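Q: Residue strings, one per chain:
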Amino acid sequence: MKVIGCSIPRKDARDKVTGRAKYNHDITVGGTLYAVPRLAEYAHAAIKNIRTVAALKVEGVRAVLTGQDTPFLVGEVLEDRPPLAHGRVLYWGEPVALVVADSEEKARLAASLIDIDYEPLPVVNSIDEALKPNAPLIHPDVDRYTILNHPVYPKSHTNIADHVHVRKGPTDPLWPQCDVVIESRSVLPQIDHMAMETRSATVEILPGGRVLVHSTTQAPFAVQKMLAHYFQLDQGQVVVMAPLVGGAFGGKAAVQLEILAYLASRAVGGQMVSVVNSREQDFAMSPVGTGLDAHFRLGARDDGKILAAEITYRLDIGAYTDSAPRIARAIAAQCTGPYAVDNVKCDVLCVYTNHTYTTAFRGFGHMPMTFAIERAIEKLADALKMDSLALRLMNAIRPGQSSPTKARLTASNVGDLPKALNAMAKLIEWNGGKVMKVGPHLIRVQGIASFWKTSSSPPDAVSGAVITMNKDGTVNLSIGAVECGPGTKTTAAQILAEKLQMPVDRVFVHLDVNTEVDPEHWKTVASLSTYMVGKAVEEACKDLIRQLKNLAAIALKCSPSDLAVAGEKVFLRDDPQVMVRFSDIAHGYRFPEGDTIGGQRIARGSFVIRHLNLLDEETGEGRPGPGWTVGVQGVLLEVNTETFDYRVVKAASVIDAGKVLNPQGAKSVVMGGMCQGLSYATRESVVYGSDGTFLNRQMRSYRTVRMGEQPEQYLVEFVETPQIDAPFGARPLGEHGVLAMPAAVANALSRALGIEANQPPFVPESLWALAGGEKA
Amino acid sequence: MMTPLMAYYRPSTVTEAVTTFRQLRQDGHHPAYWSGGTEILTRRRLHEIYPGAVVDIKGIPEVGQHAVHGRDMIFGAGISLWEIARADYWPLLTATADRVADHTSRVQITLGGNIASHLPYREAVLPWMLVDATAWVGTIKGIQTRPFCKLFDGRLVLADDEFLVALQVSRDVASFPYTSRKMTRRDWVNYPLVSISATKDVHTIHAAFSGYALEPFRDDAIDRVLSEEDLPYAVRAERAVAAIPRKAISDIHGSAAYRKFVTQYTLASIIEVLEGGQ
Ligand SMILES: Cc1cc2nc3c(=O)[nH]c(=O)nc-3n(C[C@H](O)[C@H](O)[C@H](O)COP(=O)(O)OP(=O)(O)OC[C@H]3O[C@@H](n4cnc5c(N)ncnc54)[C@H](O)[C@@H]3O)c2cc1C
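In order, the protein sequences belong to chains A and B.
Mapped onto the working numbering, the consecutive letters of the first sequence carry residue numbers 5 to 780.
Mapped onto the working numbering, the consecutive letters of the second sequence carry residue numbers 87 to 364.
If you are wondering where the hints come from, they were derived from the structure by calculation, not from laboratory data.
Bear in mind that the values here come from a model prediction, so they are computed numbers and not experimental data.
Glycine is no exception: its CB is placed at the ideal position from the N, C-alpha and C atoms.
Some hints could be false.
As the list claims (entries may be wrong) - Ranges of calculated distance between the beta carbons of each label pair, as one might list FRET restraints: (1) F235(A) / S336(B): 47 to 53 Å; (2) I31(A) / E134(B): 31 to 37 Å; (3) H154(A) / R332(B): 57 to 63 Å; (4) E315(B) / V653(A): 33 to 39 Å; (5) K136(A) / E315(B): 56 to 62 Å; (6) V193(B) / H615(A): 54 to 60 Å; (7) F235(A) / D113(B): 48 to 54 Å; (8) R96(B) / D121(A): 55 to 61 Å; (9) Y136(B) / K441(A): 55 to 61 Å; (10) M703(A) / R332(B): 39 to 45 Å; (11) V193(B) / R608(A): 50 to 56 Å; (12) Y136(B) / V691(A): 23 to 29 Å; (13) K136(A) / Y136(B): 40 to 46 Å.
Okay, chain B solo, but in the shape it has when bound:
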């Protein structure tokens, strides 16, 4: 069921990968970095993209790391969402990753592929939007580190020939209270109407959203409303939805109005869970 043939490269270092990519680009092959490959394959089948070559980054050791190192946790971009959930280093990431796609796809879909996805969801990015994380980026000069918040603005902001190698975050985040809710049209496995990851540090609730708008987002104003402890949950949830600075989308999964309705009752229940202990 394939369309045109596609050349495959599997470099073993970051510089080799970027060099290969640049060469292929120069030769007019429209290369793509290949991680889990599920999106490249499925988009190609539908004639949405025609990469003439792919550069598989999973042979690069740094892309495959997945460990707790001293005070930090490190997640290689090539680790599958299934594996992330299985190892369960960071419960919030586990909860979010574990709801992406069906099992068969989840063993293929990778953290990097999900975050770099062309689809509007990129659900596995949500936990990262709530913490101070460091991104390892593959460049022609080798690996560079950048603050994750500088790298992700609804979508991954990288030069065409750069790629995400790994994400690193302090182990402390693993002990924050958290909740993750994925709401779909109907099914356990489906794209989200809205998917919300939320954590609470001392007094503030932080929430990040996917599925609601054309890309994942978080917003200080929403967090402030959610954290107004004097107000009932339902009121906060209602005000939070009103404060969302994005336009809710309408598609075959649900209308904009219904998305708002679902987001609201889901937020109310998230606040209740996060504050439940007090």
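Bound conformation, chain A alone:
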């Protein structure tokens, strides 16, 4: 029986396509109260006075909370964020007050009636403004904040929340030996996750002390720990339930609404209270994806070998840190892209601005990072007059070399980039990026870009799996990873079915997550679920097989080592007709006389990643993840040189998947990522007004790719270089489809129009402006 490598339909597919699957806010319980926040209408201002009298008079209003009722700071790494603004508001859309009422309508009405006096303060509206010598300080006390999770190095009296260093190679740099040196700057805006399902959380504090939380979270166990930590509870008291999540992309790994809902519930005697983001709130109040301003200096020999890199990444993290220090370290650890460079100096800065704060975003910083790297590589290829694919091939990172933070790369832990590059050349019929004329003002041009990524998870991240057997021999699987789209639960079932050699439709996975009954999975982020959950499931399968054999051995009067398991039977290796069915032993074995031994088969597996460490403060040295997925992406664009309009004809990806567990599943997750990446390249960005107002907080003005605007063709291929320690050799794949798409588009546009397209999104106007605009 073969399950791995087959296109297994997703366990959640039928319920989802028929609209029957239930998401967090689909089930409402009568009597639930609603909490609605009042958002700041200034990006930076002192709160002079808050009058809640009118709001409290609205019929049905139960409580109104302000920053004074929440005198503590929260944060995933650095505790710098008040749940409700304290004294000052630091971004447009920050929650300032919270109204709890019988209904959402009443709470909204009351929230609009809260009267707030502000004294506007100078707004820090960009990274450059934040780093100016006399810039207003967004967090004057940044060095006095509590650090919840090391490391983070805030700089006092600046807007720098964190600074990560990477120093590799000779202190006496190799620049003099370089024949060609290029510099390149890329600037990427903040972007929104734009999940179809906006964030929501419901909290109820029971008289017995238990706290029930229902949330649209990718990180139910992090929610549990945060609430326990901030409200002095035992972790077991906090029960977090995470049903199917309607798109997350990193945005639901941050803990925000859960804290507000807890505070709201506490204010009304523990009654059940829901906080449900409107789309505008989801945009402006809840965290978005980081912006980036990157500067590259690359030096190479004239044969193309890159000798030295000096890189600065400055992240627009917005008003609070959340997971930015982790993202900064992820960028630092992969700062050169998948290329071998012996002499690296890289600085990553987390810069506070008066923008919406930021959090993880599909790729954990690697998409903007990859953009900057691949634009620099392309510029280097131009300067060297080399085919850019050949330049990538020549410098592609290989086993035996080391990462920028000196992690050793082996034939197992890093994918095969040269192979992927060659496969891409065939797949899009690479012509070196030459411009092809196809009409009076129409040209076609290709662009490619490579990427790599590792997990950058904390070194103590855990995952577990529990298998229980039903009487009829079917099995139930319980894991702590949330299903937010990529088919995590199905993959886990597939691994179990393969290990037990049983049909995957006889494996039932718990689709929701409940921290009280499901074993912990650190967070459903970093594309790590297949690896971590998979390892735990493998362990649990070993345990179950051992238990099944032990019981069957008694029934069959033989030694467990005589037995094998397949097809829901345990049988003698040398004589399979001598066997017991799973259904005979799932709930104990009953002898013909009636007496029974053994009980229900319950198996467990548990996993923690080994050999990871935190990066060294001065050199960055350290091992950031268990393995690196590599890949190449390409596009064929058709560009109108008169109007600067363009369309994506083809989009292609070749990724080293290690082993493709579910071909159709893998292809669709990559295609989805490609579409998202093209959306960033071609239209998405958060737009702030000159006063820091979040201008496009609706889908009318924050544009994404819509149906009919996709490429004519998506091409997805995989190469397979197994990661030996991973389940069936599979490498992480979940986020990667997005990573190099914007860079590939920029590389193609730059060639097509003879410009440096370094600042997405690329709308015709930006190309027109780069090509001379008004002056042309």
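Go by the hints and put chain B with the ligand onto chain A.
A: This is chain B with the ligand only, laid out in the frame that chain A set:
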């Protein structure tokens, strides 16, 4: 997701509607005429308006008419833009209406609501600015007719308690050569950087513009330049943009300079299409 509650009335005659409106106004309810309702709802959500009551005009038979009558075509103000495009009585109106918003909204957005919109676009008005049309207006005395050109000057000019009932135009306009182009920042569905409806009678090109300035406009001087048949398309387009008497706007969709650039190449292509047959 609603803010304060809002009373709803659905009269079945014009006089009843206006009477109801006046009464509500007098009682301090800040009423609004409700057609497709999409703008009232979305502006209310953002706390831009607080109508305490709405008077839905779609129950009035004249507001719901949509037909070819003898020599005329008549379009009720309550007909959705989607329905207008589906019936396709007037190809230029179809082309323009069909590009407003996304399908989900377009089945709700009405001709009257679009023309009376507070947003600067009002794209479905463009064809009407190019022809001699008659407007039916709902007043306290019942339905009155007025020339449409007297009623629309960038925005609908009506007394506070009046509303648009229907628009009427000769069937002949349906056979004029026409072009409609909607140019956006990037997307198929979006507000226009510039949206242009154009027709040609014997020798003259008439063009009306939305999105370019703070309200829709047309101008004889622009039409004259566009119609100078001896000049190349590109030259006419360039001169036409120079002749536009309005200031191009800059907003999150595009800068003023870029709007001009887009308007220019779009006009060149419109002239080419309209004169292509000759
Ligand atoms: C998603 C979306 C996308 C959009 N895209 C576009 C676009 O691309 N181009 C474009 O031009 N517009 C666009 N619009 C705007 C839309 O056309 C206007 O908001 C329009 O007003 C909606 O029509 P409605 O019938 O729903 O209006 P309603 O909400 O019913 O009314 C709008 C206003 O007009 C008044 N009104 C309604 N009917 C009449 C009448 N018969 N007489 C007098 N006053 C009246 C109302 O009192 C109210 O003030 C878009 C709107 C949405 C929601």
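Q: May I ask you to test the hint 40 to 46 Å on the CB atoms belonging to K136(A) and Y136(B)?
A: holds (42 Å)
Q: Could you see if the CB distance from H154(A) to R332(B) stays within 57 to 63 Å?
A: Distance hint for H154(A), R332(B) holds at roughly 59 Å.
Q: Between the beta carbons of R96(B) and D121(A), is the distance compatible with 55 to 61 Å?
A: violated (43 Å)
Q: Between the beta carbons of F235(A) and S336(B), is the distance compatible with 47 to 53 Å?
A: holds (49 Å)
Q: The hint says 48 to 54 Å between F235(A) and D113(B); measuring C-beta to C-beta, is that right?
A: For F235(A) and D113(B) the Cβ distance comes to about 49 Å; the hint holds.
Q: Taking the beta carbons of Y136(B) and V691(A), is their distance inside 23 to 29 Å?
A: Because 27 Å falls inside the window, the suggested range holds.
Q: How does the Cβ-Cβ distance of Y136(B) and K441(A) compare with 55 to 61 Å: does it lie in that range?
A: Holds - the Cβ-Cβ distance for Y136(B) and K441(A), about 58 Å, lies within 55 to 61 Å.
Q: Starting from the hint 39 to 45 Å, judge whether the C-beta atoms of M703(A) and R332(B) obey it.
A: violated (29 Å)
Q: Given the hint of 50 to 56 Å, is the C-beta distance from V193(B) to R608(A) inside that range or not?
A: Since V193(B) and R608(A) have Cβ atoms about 54 Å apart, the given range 50 to 56 Å holds.
Q: Taking the beta carbons of V193(B) and H615(A), is their distance inside 54 to 60 Å?
A: Between V193(B) and H615(A), where Cβ atoms are some 59 Å apart, the hint holds.
Q: Tell me if the beta carbons of E315(B) and V653(A) are separated by a distance inside 33 to 39 Å.
A: holds (38 Å)
Q: Using the C-beta atoms of K136(A) and E315(B), is the stated range 56 to 62 Å upheld?
A: holds (58 Å)
Checked against the numbered hints given earlier, this structure breaks hints 8 and 10; the rest are met.
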